[in-house]
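Using the sequences provided together with the hints, build the complete structure.
Our numbering applies: residue 5 is where the sequence shown begins, and numbers increase by one.
Please keep in mind that the hints were generated in silico from the structure rather than gathered at the bench. For clarity, every value in this text was computed on a predicted model and none was experimentally measured. Treat each hint with caution, since some may be false.
[Unchecked claim] Keeping only pairs whose Cα atoms sit at most 16 Å apart, straight-line, the calculated EDC-like set for lysine to aspartate or glutamate is: (1) Lys140 <-> Glu282; (2) Lys154 <-> Glu180; (3) Lys290 <-> Glu256; (4) Lys278 <-> Asp218; (5) Lys129 <-> Glu209; (6) Lys294 <-> Glu256; (7) Lys128 <-> Glu207; (8) Lys140 <-> Glu169; (9) Lys289 <-> Glu256; (10) Lys294 <-> Glu304; (11) Lys65 <-> Glu304; (12) Lys128 <-> Asp218; (13) Lys278 <-> Glu304; (14) Lys129 <-> Asp218; (15) Lys208 <-> Glu282; (16) Lys289 <-> Asp218; (17) Lys128 <-> Glu209; (18) Lys154 <-> Glu182.
[Claimed, not checked] Here are the computed distance ranges between Cβ atoms for each label pair: (19) Lys289 <-> Ile139: 17 to 25 Å; (20) Ile139 <-> Glu183: 40 to 48 Å; (21) Ser320 <-> Asp281: 27 to 35 Å; (22) Phe24 <-> Ile131: 40 to 48 Å.
Even glycine gets a Cβ: it sits at the ideal position worked out from N, Cα and C.
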Amino acid sequence: VYRLGISQKNSISLETISDFLSLIQKKQSYHLFHMLYPLYAGYLGTFWSARFGIPGLLSIKRSDVENILTDPQLFPLGHWTFERVQAISASSQHLVHQAIALRGKDSQVFYLPDSVNLDFYQRKKKIHLSLPEGIKIGVFGDLEIPYGFKVLLHAFQLIGKARPEIHLILSGVMGEEEEKLYQQFLLTSGLQSQIHFLENMDEKELPYYLSQMDVVVFPHLRGDIPLMALKAMACEAKVVCSDIGGFSEIIEHGVNGLLASPGNPRALASRIIKAIDEEFPTMGKKAREKVISSYSPQIEEEYLSQIYQKLLLSSSSGALTAEAEVSHKGFSNSKNHDSSSGSMEAKDAAKETDNPETSHTEIPKNQ
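Written out as C-alpha cells, the structure is:
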C-alpha cells in the first residue's frame with residue numbers, strides 16, 4: 005500500500021506524483037487504485053489506472069460532489085473524473101444518488117459506510133473539564149456558514165435569552181467570515197457569559213466532552229453525514245441534526261435523535277429545547293446501537309472487501325471497459341489548475357479487507 009498526498013503547488017505535485025506512480029509501477033505492479041477525494045487524487049488515479057489497465061475506485065464523502073458542482077474551476081476535472089473512473093464508493097445513499105447524477109450512469113456506484121472506533125468513542129465517566137455548570141449545547145467540527153453556523157447563532161440567541169442556565173460550547177475551526185460573525189455576535193447578543201469556545205482541545209479528550217453535553221447539534225445547510233455525528237452518537241449523546249442529505253439515514257426522529265428543518269433558527273431552537281427538556285431515556289443508547297449496527301470498522305471492512313473483490317474479478321476476467329479510457333491530453337490539462345489538495349492510496353489486492361449493501365450495484369453478502 006502506498007499513500008500519496010499533495011503538499012506543494014498542485015501543478016508541481018501532480019507531475020511529481022505521476023512520475024512516482026509510473027516509477028513504482030515498473031518496479032512493483034499495482035492491482036488496484038483506490039483514490040480518496042475526487043481532486044486531485046481521483047483525477048490522477050483515473051488517468052493512471054486506465055494507463056496501467058487496472059481497476060480504479062474513487063471514494064467520495066460529505067461535500068465532495070457539491071464542491072465540484074459549485075466551483076467553476078473544479079467542475080471540468082471533477083466531471084471528467086466522475087464520468088471516467090471505473091467505480092465510485094459513497095458514504096451515504098444520498099451521496100450515491102449525487103454521484104450517479106454527476107456520473108450520468110448508475111453502474112459501478114457502491115455504498116461504503118464510514119466507521120468510528122467504538123472502543124475509543126463511547127460514553128465516558130464524568131471527569132473535570134473546563135466546562136461551565138448548567139445545561140450544555142455542544143457544536144463540534146464545522147463552524148462554517150455552509151454548515152449552519154449563522155443559523156446556530158441565531159437559534160442560540162432565542163434560547164439563551166429565555167434560558168440563562170443554558171450554555172453554548174463551540175469547538176472547531178472558523179474561517180475569516182465566520183470569525184467576524186462570531187465576534188460581532190458576542191458584542192451584540194448580550195450572551196457572552198453563556199458562550200464558550202474550546203481552544204486546543206486534544207483529540208483524546210473528545211469522547212469526554214461529547215459525553216458531558218446535554219445535546220450535540222449539527223445545523224448543516226449542505227453536505228452529508230459528518231463523521232463527528234457518528235462519534236457523538238457512539239458516545240450516547242442526544243443529537244439534533246438538520247433534515248438534509250444523509251442525516252435521515254442515521255437519525256430516526258424521536259428514537260435515536262431529532263431532526264430539524266434546515267436554515268430555520270426557530271425550528272432548530274425548538275428541537276434543541278425539546279432535546280433538553282424531554283427525557284428521551286433511551287435516545288442515547290439507541291444512537292450508539294445505530295452506530296454499532298451500521299458504522300463499525302468491521303462493517304466498513306466487509307463492504308470494502310466485497311467492492312475490491314468485485315473490481316479485481318472484473319479486471320482478471322478482462323471486463324475493464326473503454327469507459328475508463330483517458331488521453332494524454334486530459335492529463336496534461338491538470339497543470340493549468342491550482343486548487344484544493346487531496347490524497348491517494350494505491351492498494352495492492354493482497355491487502356484486502358472485507359462488505360457492501362449497495363443500492364445500485366448489488367453484491368452478494370457471502371461472496
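Hint by hint, here is what the structure shows:
For the suggested pair Lys140 and Glu282, the alpha carbons sit about 15 Å apart, so the restraint of at most 16 Å is met. For a cut-off of 16 Å, the pair hint linking Lys154 to Glu180 stands: about 13 Å separates their Cα positions. Taking the CA atoms of Lys290 and Glu256, the gap is about 10 Å. The hint holds against a cut of 16 Å. The hinted pair formed by Lys278 and Asp218 meets the criterion: a straight-line CA distance of about 11 Å does not exceed 16 Å.
Restraint check for Lys129 and Glu209: satisfied, since their Cα atoms lie roughly 12 Å apart, inside the 16 Å limit. For the suggested pair Lys294 and Glu256, the alpha carbons sit about 10 Å apart, so the restraint of at most 16 Å is met. As the CA atoms of Lys128 and Glu207 are separated by approximately 14 Å, the hinted pair is consistent with the 16 Å bound. About 9 Å separates the Cα atoms of Lys140 and Glu169, which keeps this hinted pair within 16 Å; it holds.
At roughly 13 Å between alpha-carbon atoms, Lys289 and Glu256 fall within 16 Å of each other, so this suggested pair holds. This hinted pair checks out: Lys294 and Glu304 have alpha carbons roughly 14 Å apart, not beyond 16 Å. The hinted pair formed by Lys65 and Glu304 meets the criterion: a straight-line CA distance of about 14 Å does not exceed 16 Å. Taking the CA atoms of Lys128 and Asp218, the gap is near 14 Å; set against the 16 Å cutoff, the hint holds.
With a C-alpha separation of about 33 Å, the suggested pairing of Lys278 with Glu304 is violated against the 16 Å cut-off. Annotation: proposed proximity of Lys129 to Asp218 holds, straight-line Cα distance about 14 Å (limit 16 Å). For the suggested pair Lys208 and Glu282, the alpha carbons sit about 30 Å apart, so the restraint of at most 16 Å is broken. Taking the CA atoms of Lys289 and Asp218, the gap is about 14 Å. The hint holds against a cut of 16 Å.
Between the alpha carbons of Lys128 and Glu209 the distance comes to roughly 10 Å, so the proposed pair stays at or under 16 Å and holds. At roughly 8 Å between alpha-carbon atoms, Lys154 and Glu182 fall within 16 Å of each other, so this suggested pair holds. At roughly 20 Å, the beta-carbon separation of Lys289 and Ile139 lies within the given 17 to 25 Å, and the hint holds. About 26 Å separates the C-beta atoms of Ile139 and Glu183, a value inconsistent with the hinted range of 40 to 48 Å.
For Ser320 and Asp281, the hinted distance range of 27 to 35 Å is not satisfied, since their beta carbons lie about 59 Å from each other. Checked against the hint of 40 to 48 Å, the C-beta distance between Phe24 and Ile131 comes to roughly 46 Å, which is consistent with it.
Consistency with the previously given hints fails for numbers 13, 15, 20 and 21, ordered from lowest to highest.
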